[in-house]
Each structure stands twice: as C-alpha cells, then as structure tokens.
Amino acid sequence: MRKIFVALGVFFLMTAAASGADPVRVGFISVLSGPLAPIGQSELNATKMAVEDVGAVLGQKVELYSKDHQYNPGLANERAKELYEKDKTDVIVGCSNSAAALAVSDQAARHQRIFMSTSAGTTDLIGKNKYTFKLNYNDYMLAATLGAWGAKNLGKRWYTITSDYAWGHDLLKHFTSALKAEGGQHVGNDMVPVNTSDYSPYILKAAQAKPDVLVLLNVGKDAANSTKAAVEYGLKKNVKIMHALLFELDIKGTGLQTFAGDYTAAPWNWVVNQPGTKEWADRYYKAYGDRPTFMAAAAYSATRQYLEAVTRAGSKEADKVIKALEDSTYKDFFVSPGYIRPEDHLEVAKAYLLRVKQPAQLKEKEDYFEVVGELPADKAQPPVGLFKTLK
Amino acid sequence: MQKNLYKRLFFCCAAVFFIVLPFLTPTRSLATEMLIFAIFALGYDIVFGYTGLLSFGHAIFFGIGAYATGIVLVRLVPSLFLALVIGMALNLLVSYVVAFLSIRKKGIYFVMITLAFCQMFYFIGFKWTDLTGGDSGFHGVPRTSLGPIDLNSEITLYFFILAIFLASVLVAFRIVNSPFGRVLKALKENEDRARSIGYNTAAFKTVAFMISAFFASLAGGLYAVHSNFVPMDTLSISTSADVVIMALLGGIGTLYGPIMGAMLIVFLKNVLSDWIGNWHLILGAIFIVSVLSVRQGIFPVIFGKLKEKLCVQR
Amino acid sequence: MGVQFIGAQLFNGLMLGSFYVLLSLGLSIIFGMLGVVNFAHGALYMLGAYAAYTICYVCSQNFWFALIVAPLAVGVIGMIAEWTLIKRLYSVPHFYNLLLTFGLMLFVEEGIRAIFTPIGKPFDTPPALVGSVDLGFMFFPKYRIFIILVTAVSVVGIWLFLSKTKIGAIIRAGTDDNEMVSALGIDISKVFTLVFGIGAALAGLAGVLAAPVQNVTPEMGNSILNETFVVVIIGGMGSIPGSILGGLIIGELITLGVVFWPPVANTLIFVFMAVILLVRPRGFFGRARFFE
Numbered sequence: 001m002r003k004i005f006v007a008l009g010v011f012f013l014m015t016a017a018a019s020g021a022d023p024v025r026v027g028f029i030s031v032l033s034g035p036l037a038p039i040g041q042s043e044l045n046a047t048k049m050a051v052e053d054v055g056a057v058l059g060q061k062v063e064l065y066s067k068d069h070q071y072n073p074g075l076a077n078e079r080a081k082e083l084y085e086k087d088k089t090d091v092i093v094g095c096s097n098s099a100a101a102l103a104v105s106d107q108a109a110r111h112q113r114i115f116m117s118t119s120a121g122t123t124d125l126i127g128k129n130k131y132t133f134k135l136n137y138n139d140y141m142l143a144a145t146l147g148a149w150g151a152k153n154l155g156k157r158w159y160t161i162t163s164d165y166a167w168g169h170d171l172l173k174h175f176t177s178a179l180k181a182e183g184g185q186h187v188g189n190d191m192v193p194v195n196t197s198d199y200s201p202y203i204l205k206a207a208q209a210k211p212d213v214l215v216l217l218n219v220g221k222d223a224a225n226s227t228k229a230a231v232e233y234g235l236k237k238n239v240k241i242m243h244a245l246l247f248e249l250d251i252k253g254t255g256l257q258t259f260a261g262d263y264t265a266a267p268w269n270w271v272v273n274q275p276g277t278k279e280w281a282d283r284y285y286k287a288y289g290d291r292p293t294f295m296a297a298a299a300y301s302a303t304r305q306y307l308e309a310v311t312r313a314g315s316k317e318a319d320k321v322i323k324a325l326e327d328s329t330y331k332d333f334f335v336s337p338g339y340i341r342p343e344d345h346l347e348v349a350k351a352y353l354l355r356v357k358q359p360a361q362l363k364e365k366e367d368y369f370e371v372v373g374e375l376p377a378d379k380a381q382p383p384v385g386l387f388k389t390l391k
Numbered sequence: 001m002q003k004n005l006y007k008r009l010f011f012c013c014a015a016v017f018f019i020v021l022p023f024l025t026p027t028r029s030l031a032t033e034m035l036i037f038a039i040f041a042l043g044y045d046i047v048f049g050y051t052g053l054l055s056f057g058h059a060i061f062f063g064i065g066a067y068a069t070g071i072v073l074v075r076l077v078p079s080l081f082l083a084l085v086i087g088m089a090l091n092l093l094v095s096y097v098v099a100f101l102s103i104r105k106k107g108i109y110f111v112m113i114t115l116a117f118c119q120m121f122y123f124i125g126f127k128w129t130d131l132t133g134g135d136s137g138f139h140g141v142p143r144t145s146l147g148p149i150d151l152n153s154e155i156t157l158y159f160f161i162l163a164i165f166l167a168s169v170l171v172a173f174r175i176v177n178s179p180f181g182r183v184l185k186a187l188k189e190n191e192d193r194a195r196s197i198g199y200n201t202a203a204f205k206t207v208a209f210m211i212s213a214f215f216a217s218l219a220g221g222l223y224a225v226h227s228n229f230v231p232m233d234t235l236s237i238s239t240s241a242d243v244v245i246m247a248l249l250g251g252i253g254t255l256y257g258p259i260m261g262a263m264l265i266v267f268l269k270n271v272l273s274d275w276i277g278n279w280h281l282i283l284g285a286i287f288i289v290s291v292l293s294v295r296q297g298i299f300p301v302i303f304g305k306l307k308e309k310l311c312v313q314r
Numbered sequence: 001m002g003v004q005f006i007g008a009q010l011f012n013g014l015m016l017g018s019f020y021v022l023l024s025l026g027l028s029i030i031f032g033m034l035g036v037v038n039f040a041h042g043a044l045y046m047l048g049a050y051a052a053y054t055i056c057y058v059c060s061q062n063f064w065f066a067l068i069v070a071p072l073a074v075g076v077i078g079m080i081a082e083w084t085l086i087k088r089l090y091s092v093p094h095f096y097n098l099l100l101t102f103g104l105m106l107f108v109e110e111g112i113r114a115i116f117t118p119i120g121k122p123f124d125t126p127p128a129l130v131g132s133v134d135l136g137f138m139f140f141p142k143y144r145i146f147i148i149l150v151t152a153v154s155v156v157g158i159w160l161f162l163s164k165t166k167i168g169a170i171i172r173a174g175t176d177d178n179e180m181v182s183a184l185g186i187d188i189s190k191v192f193t194l195v196f197g198i199g200a201a202l203a204g205l206a207g208v209l210a211a212p213v214q215n216v217t218p219e220m221g222n223s224i225l226n227e228t229f230v231v232v233i234i235g236g237m238g239s240i241p242g243s244i245l246g247g248l249i250i251g252e253l254i255t256l257g258v259v260f261w262p263p264v265a266n267t268l269i270f271v272f273m274a275v276i277l278l279v280r281p282r283g284f285f286g287r288a289r290f291f292e
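Residue numbers (this note's numbering), protein chains in the order written: chain A, 1 to 391; chain B, 1 to 314; chain C, 1 to 292.
Among the clues, some could well be false.
[Claimed, not checked] Among the chain C residues that face chain B by a calculated CB cut under 10 angstroms, a handful are:
id, residue
1, 94
2, 95
3, 105
4, 229
5, 271
Hints are computed from structural coordinates only; laboratory data are not their basis. Values in this document were obtained by computation on a predicted structure and should not be read as measured data. Built from N, CA and C at the ideal position, the CB exists for glycine as well.
The task is simple: from the sequences and hints, build the whole structure.
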C-alpha cells in the first residue's frame with residue numbers, strides 16, 4: 001500500500017516539475033527566400049549554432065523557432081506576432097530590412113518581450129523602446145567609419161549613389177554629415193530605385209562630376225550592378241569606390257574582378273584578428289560550406305549574449321533580463337568587447353575598414369577582404385543623445 | 001424543400017466554422033486577417049464577377065483605406081469609427097475619379113490603365129514620407145476601444161471584425177440581388193444590348209466600381225488596426241494581383257467564392273510559406289490549372305459536384 | 001553639362017531602347033495577332049538570360065553559340081506553351097489568357113528560382129567585346145554598341161520577314177483580321193503558334209543580350225515588363241513601327257529623366273502611359289479598332 005503512495009507521490013512530483021517546465025524560447029526572423037536569402041540563412045545557421053552551443057539555460061533546453069519574412073515588412077509584423085503569441089518566444093533575434101525591424105520592435109513593446117536587432121541598419125531603432133536592443137552595425141557607424149577614414153585617405157570629393165528607400169535615405173543622411181564633419185565636398189547624389197539593373201546613366205553623371213570617391217549606398221544586386229557599370233565605363237580607373245554594405249556572397253555572385261580594390265566598413269569579418277574569430281569561422285565553414293558574414297556572427301553573438309543574460313538574471317522575465325543586459329560588457333569573437341549602453345540599448349564596439357583584394361592576392365576560398373584600418377568604439381558609434389534615448 | 005434544407009445546413013456549418021475558426025488557426029491574428037481579405041475579395045467580386053471589369057488597381061483603395069485609418073487614429077482623433085469613415089469617404093472620391101477616367105476604356109485597356117493608376121498611387125505613397133512614412137511604412141496604429149470593448153485582445157478583435165464581415169456579406173448580397181445587381185449582370189453579358197435598352201452602362205459601371213472600392217477601403221482600414229502598422233505593399237500591384245487571384249480561384253460571380261478563395265489563400269500563404277519555400281510555385285500552378293479548366297473557380301465546382309452526388313443518391 | 005555628356009547619355013538611351021524595342025516588338029505582334037496580353041513576356045526574357053547562362057557556364061560553350069541557340073530555345077518554349085495552354089483560351093474572354101500568362105509568369109519565375117537558386121548568376125562580357133571604343137566625344141563600351149547593332153539587324157530581319165515572305169504576309173493579314181484569314185483556308189492556328197514563338201524568341205534574344213549588363217536573377221523580367229507595356233501602349237498595340245519608335249523614345253526618356261529630373265524618372269513613363277491611354281489610347285501607330 002505504502003509503495004503505491006510513494007509511487008503516486010513521485011509521479012505527481014515529476015509532473016509538477018514537468019509542468020513547471022517553461023524553457024527559454026528564442027525566436028528568429030529574417031529573409032529566408034528571395035535574392036537576399038543567403039544572408040538570412042547564414043544568420044539562421046549561426047543562431048542555431050549558438051542555441052546548440054549553449055544547450056540549456058535555467059535547467060531547461062533552449063528552443064529555437066524561426067520564421068521567414070521574405071524581406072516584407074508586413075509579413076515581418078505578422079511573424080513577430082506569431083512568434084511572441086503562438087510560439088511564446090521570449091526574444092526575437094535578427095530581422096533584416098529596416099522597416100521590418102521597426103515593425104518587430106513595435107510588436108516587442110506590445111508583447112513586452114525582447115528584440116535583439118542585429119540585421120537592420122536604421123538608427124531609428126536606437127533607443128526606440130526599452131525592449132529593443134540594437135547590436136551589430138548601424139547606418140551611423142558605417143558612415144562614421146567610412147567617412148572618417150575615406151575622407152582622410154581616399155579623397156574629399158564624394159559622389160553618392162543611393163538606393164531610394166528608407167534604408168538608403170538613412171544612410172545618405174549619415175554619410176553626408178560624416179563627410180561634412182571631415183570638411184569634404186558632396187559633389188552629387190542620385191536616388192536610384194531599388195533593383196535597378198542598368199546604372200549606366202548614373203555612372204555617367206558621376207563621372208561628369210569628377211569625384212575622388214564613389215560612395216555606393218546600396219546592397220546586394222544594386223551594389224553589384226552599380227559596380228559593374230563603374231567598371232564598364234572606366235570610372236574605376238581614377239575613382240575609388242566605397243560600399244555601405246558588401247558581403248562575400250555579392251562578390252561570389254558577380255566575380256572578384258568587379259569589386260577588387262573597393263572599400264567597405266563592417267563591425268567584423270572572418271579575417272579580422274580578434275581572438276576566437278578564426279576558430280568560429282572555421283567551425284561555420286565546416287558545418288555550412290562557406291564563410292560566415294558578419295550578419296551571421298552578430299546573430300550568434302546576440303543569441304549567446306541574451307542567453308547569458310537570462311542565466312545571470314536567473315529568470316527570463318523581460319524586465320529582469322533587460323536589467324542584466326544593459327550596462328553590461330560582453331566579450332566574444334564578434335565583439336571584443338561590446339558594451340550595451342543603458343541610455344539607448346545600443347551595443348558599442350569597434351569597427352573595421354575592409355578592402356576587397358585583387359584576384360592575385362587570394363590565398364583561400366572566399367578570402368576576399370583584407371583589413372586596412374579600424375576605428376575605436378567611441379569614434380565609430382554615435383554619442384548618447386544623438387538619437388533617441390530611453391529616459 | 002430540399003434546397004431549403006441544404007441552405008440551412010450550409011448556414012449552420014458556416015456559423016460554426018466562423019465561431020470556431022480563431023481556435024483552429026495557428027494564431028488568432030491569422031483568422032482575423034482571413035476575414036479582412038474576405039471583405040476585400042467580396043467587394044471585388046461585385047466589380048469583377050458581377051460587372052466584368054478586371055481591375056488591377058484595387059490596392060489603391062485598400063491602401064488608402066489603411067493609411068487614412070492609421071493616420072487619423074495616430075494624428076487626428078483616436079476614434080476607430082471616424083477613422084474608417086474618413087478613409088471610406090476619401091476612397092469614394094478617389095474611386096470616382098479613377099472610374100471616371102477608366103470606365104470608358106474596354107477590355108485590356110481598362111486593365112492597363114488601372115495598373116498605371118496603381119503604380120502612380122504607390123509612387124505617391126512612397127515619396128510622401130511625411131504623411132505615410134514612405135518605405136518604412138506607417139507605424140504605431142493603436143487599437144482604440146469601442147466603448148467598453150477593448151480591441152487589444154486578438155479574440156475580441158476577431159469577433160468584432162466577424163460582425164463587420166457578416167454585415168458586409170449581407171450588404172453585398174442585397175446589392176447583387178437587387179434590380180441594380182441585375183443590370184450589372186446584364187451588362188456583363190452584353191454591354192451593347194444593355195445600352196440599347198436604355199441603361200446608362202457607364203454610370204452603372206462607375207457605381208459598381210465605387211462600391212467595390214468601399215469594401216476595399218473598409219478592409220484596408222481594418223488591416224491597419226489589426227497589424228498596428230501599414231506597410232507600403234498595401235498599395236502595391238502585388239496586393240491588387242492577390243485579390244484578383246483570390247476572387248478567380250474562389251469562383252467569381254458567386255460572392256461566397258471569393259470569400260472562400262481569400263480565406264484559403266491567406267491561410268496557405270501564412271502556413272505553407274513556413275514549410276515550403278517555393279509556395280508561389282504551387283500557387284502559380286494552381287492558378288494556371290484553375291484558369292484553364294475550372295474557370296468558374298474551385299468552390300463552385302466543389303459545391304457543384306457535392307450537389308450532384310447528393311442529388312444522385314436521392 | 002557638355003555635349004559629350006549629353007551625347008553619352010543619348011547613346012546610352014539608345015542601348016536601353018534596344019531592349020525595349022526587342023521586347024515590345026514581340027509583345028506587340030503577339031497581341032496584334034493573337035489578342036493575348038502576354039504577362040509572361042518578362043519571364044521569357046529572363047529565360048533567355050538563363051539559357052545563355054546554362055549554355056555558356058554549364059555547358060561551356062561560347063557566347064556566340066548562346067546568342068543563336070538561346071533565343072531559339074526560348075522560341076520553342078514559347079511555341080510549346082502556346083500550343084498546349086494558351087490555345088485553349090481563345091474562345092473565352094481575353095482576360096482569361098491574360099490571367100493565364102500571369103500565372104505562367106509566377107510559375108516560371110519560381111521554377112527558375114528553384115532550379116538555379118535565388119542568388120543572381122554571374123555573366124561576363126564576352127572577351128571579344130570587352131573594352132571601349134573611342135567615339136571621339138566619349139568612350140563607349142564595345143558591348144553596348146554590339147547590343148544596338150544586333151537589335152538593328154534583328155528588326156530589319158523581322159521587317160523583311162514580314163513584308164517579303166508569304167508567311168509574313170499571312171501574319172500581317174492575320175494581325176488585321178484573323179477570322180478572314182482562316183476563312184481563306186489557311187490554318188491560322190499554326191501561324192498563331194509561330195507568331196508566339198517569334199515573339200518569345202525576340203524576348204529571349206533580349207535576355208541573352210542583357211545577361212552581361214544586368215544581373216541574371218529570376219526576377220529580372222518584372223520591372224522591364226512594366227516598362228515594355230508602357231512602350232507597347234504608347235507605340236500602339238499590334239503596331240511594329242510603333243514598337244520600334246516607342247522603344248527608342250522610352251529608352252531615351254528614362255535615361256534623360258535620370259539626368260534632368262531624377263526623383264520621378266521611372267514614374268514619369270507611367271504618367272505618360274496614363275495620359276496616352278486617356279487621350280489617344282491607340283498610341284502613335286495603333287489602329288482604332290482595338291480599344292475605343
């Protein structure tokens with residue numbers, strides 16, 4: 001008789017423990033279909049790695065839920081809702097496309113959960129609400145890094161070609177003020193619709209203005225097309241090119257010859273000399289067959305940072321985790337170190353100047369970039385109060 | 001006698017279905033979105049299915065409805081009713097102008113000009129960043145409460161929109177079964193003949209167009225509140241194309257067809273795209289097959305076959 | 001803003017116009033003869049580029065081979081599509097065929113995306129055409145001159161075909177009144193298939209020519225299709241001189257719009273199209289019968 005009671009008791013205890021089971025759930029949204037899919041996929045791969053590497057938090061196995069927003073802000077909004085409501089995720093990581101990220105940020109505030117924004121660049125995300133943390137790059141950082149270094153080393157006459165949408169406008173704003181701060185001259189700008197295939201009219205206009213530097217404020221296909229046209233019309237012979245964002249996959253898709261000698265800024269690249277970088281990049285390469293973009297590295301870093309904060313806070317309640325995250329310094333291969341400001345939840349870390357190698361310089365597969373400079377965090381990132389603050 | 005029985009069965013099933021729906025779909029939010037597009041497609045059936053005008057520009061009215069509602073709620077007065085009404089009034093004006101300029105063109109030219117207008121409005125929305133937020137979309141649309149009803153809960157919002165949906169269906173039903181509706185059917189079959197009898201076909205077409213814009217506007221406004229956000233693609237050609245596909249697949253000229261088509265497509269879009277990357281491939285294939293063979297639409301064919309089976313059994 | 005600069009831009013507009021001419025020519029004869037608004041035309045253009053990619057990079061043939069084979073391949077695909085699918089809808093209202101081609105566009109684009117991945121494919125300028133020619137007032141890329149030449153030759157070829165051959169005469173007659181032509185005992189349905197094939201081949205040719213200057217991606221056909229519709233409407237649906245003139249005008253308009261009035265450059269043409277639709281729907285050379 002007693003044995004039955006003991007058995008029942010143990011059974012009830014176990015179910016009680018199991019029903020108390022409420023694991024930490026990580027949500028992920030990014031672009032997983034369409035031309036930018038490889039970037040989103042690399043972020044997802046990295047997030048998966050992070051979740052697997054951490055394994056369990058607060059005694060429970062961490063779960064990962066991922067959604068595709070197809071680079072569409074409306075869809076991103078829906079997915080965020082699904083993740084927070086149906087899948088009950090405690091955090092969302094990632095989200096490329098600035099408009100989509102803004103929508104996710106709003107949903108995070110509505111649902112009182114955390115959003116670690118790693119893939120979108122708009123500075124509107126800085127200090128947007130207390131649930132949103134901006135990590136990785138932002139448009140100000142790209143402009144400040146390229147601007148300061150570019151104006152000093154490449155030339156002061158700039159011609160910009162901008163993708164005509166929210167992100168492009170934000171970039172232009174920051175790049176022009178960075179140029180002004182260095183005493184440079186903005187000799188012209190062209191607003192080009194996204195997904196334009198023929199950039200020759202704009203390149204011809206740019207050539208006419210005789211700049212020192214051609215600044216391409218675009219990404220992906222637009223970056224490729226504009227650069228191709230610059231090569232075709234011989235503009236690259238006397239003008240240097242700076243890209244707001246340039247990834248290994250763009251170079252792979254179009255050919256190294258097109259991009260050789262171009263400059264870009266990034267918070268990280270798999271060739272930088274930060275401890276742990278080579279090891280992680282090799283792990284990623286072995287698992288997925290190509291080199292990780294800094295977007296992927298950021299997703300990995302943000303996920304681990306969040307999970308560590310939950311462990312430190314001892315709870316996954318948003319307010320407690322927020323307290324653990326803000327005013328903390330994190331060190332890993334991606335941010336070495338990175339400090340999250342309590343005033344606006346921006347993670348500040350240093351930035352690198354990268355240059356695309358010439359084909360003759362290639363030593364390994366996808367070894368496209370070389371580091372030519374770096375900018376410390378306080379110079380690369382915006383000062384507190386330049387954008388929104390939370391107080 | 002039999003017909004009444006089937007009708008009652010149908011309505012009972014429909015009632016149960018709609019009540020249970022939000023609990024069946026992966027999120028409540030999806031069920032609400034299905035209803036919103038059902039309203040959109042319902043109105044579209046009036047102009048496409050009943051009047052025979054293939055408009056590729058109805059995103060204009062959906063988008064204006066969404067933006068107007070959002071902007072009013074955020075910048076003017078936090079009253080959902082007023083916001084929706086202002087959106088609809090604005091759309092009445094816009095749809096009248098668009099119809100006035102387009103109705104006289106026949107066949108393919110009507111399609112092209114509605115397409116051109118859609119592009120233009122998209123462009124206006126895109127450039128007028130101060131008003132619409134441009135490419136970022138319009139954020140922060142609140143869900144203001146209606147008296148004691150708090151719309152912040154997804155379930156409450158669903159049933160609220162369900163009520164609006166039912167009202168819309170009733171209105172649409174009355175419209176197409178009225179003398180006005182009969183004239184529309186006549187002019188769809190043979191416009192010249194209708195005109196020769198003495199009907200001012202241009203006027204009828206214009207009114208039908210404006211009615212469908214009214215429904216689109218309502219759907220758009222509800223969408224803004226449902227998403228708390230108005231993305232740029234509410235004004236895009238792909239939204240216009242979506243409602244055409246929904247209506248066609250569902251079965252134009254039936255009212256229930258587009259409703260079901262809309263709900264099915266919204267559901268599949270959200271659910272399938274997680275599992276199957278190339279969801280559009282399947283949609284394209286279904287669409288092609290549908291246009292080639294089941295031109296009346298999936299649901300009329302299904303119901304037709306069901307009816308046959310049941311009748312034969314008797 | 002010197003003469004050199006304007007000259008360079010105008011020449012560039014000529015190249016852009018060349019694509020529009022090839023595409024709108026195809027679209028126009030398809031509409032003129034078959035009454036079909038081919039929403040899949042951009043997809044055929046894209047298929048031409050991917051065919052060229054497959055021939056040059058997967059099968060390692062040279063560009064000249066692709067230039068001949070790819071358009072033919074796309075032409076054949078077009079004929080198969082017409083014979084098996086589009087033909088069935090001639091007896092019902094025209095918009096069903098419009099919707100069918102729309103569905104085909106979705107399907108083909110997604111199919112290519114599935115087979116070739118969504119990332120763009122690289123395509124280099126053929127070695128013989130790399131570099132620029134010194135035209136005195138500016139350096140102009142050899143390849144772009146080549147595009148203009150090929151287009152000119154093709155247009156002349158099509159014109160000769162239509163005006164000097166028997167089939168050409170049938171096509172011209174059929175564009176005017178296809179019931180009459182079949183009443184004369186000619187198997188018009190085979191001619192329809194041929195015309196669709198020719199239109200598709202022209203689109204495929206444009207795609208092959210475009211591959212080195214534009215990114216080869218599954219969605220490359222979408223925006224150019226929009227502009228092609230504008231050209232055809234402005235030039236007049238079913239009119240060959242209209243397509244040629246319209247293509248060149250729109251090419252120049254877009255290019256010069258970029259120079260002088262950048263913010264609205266692309267939408268300018270849609271406003272233009274709407275105005276034409278309202279004021280003179282037949283376009284420059286179209287026939288009144290089709291639309292008013």
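Hints, verified against the model:
1. 94: Constraint on residue 94 of chain C satisfied, holds at 6 angstroms.
2. 95: Nearest chain B Cβ about 5 angstroms off; hint holds.
3. 105: holds (8 angstroms)
4. 229: holds (7 angstroms)
5. 271: holds (7 angstroms)
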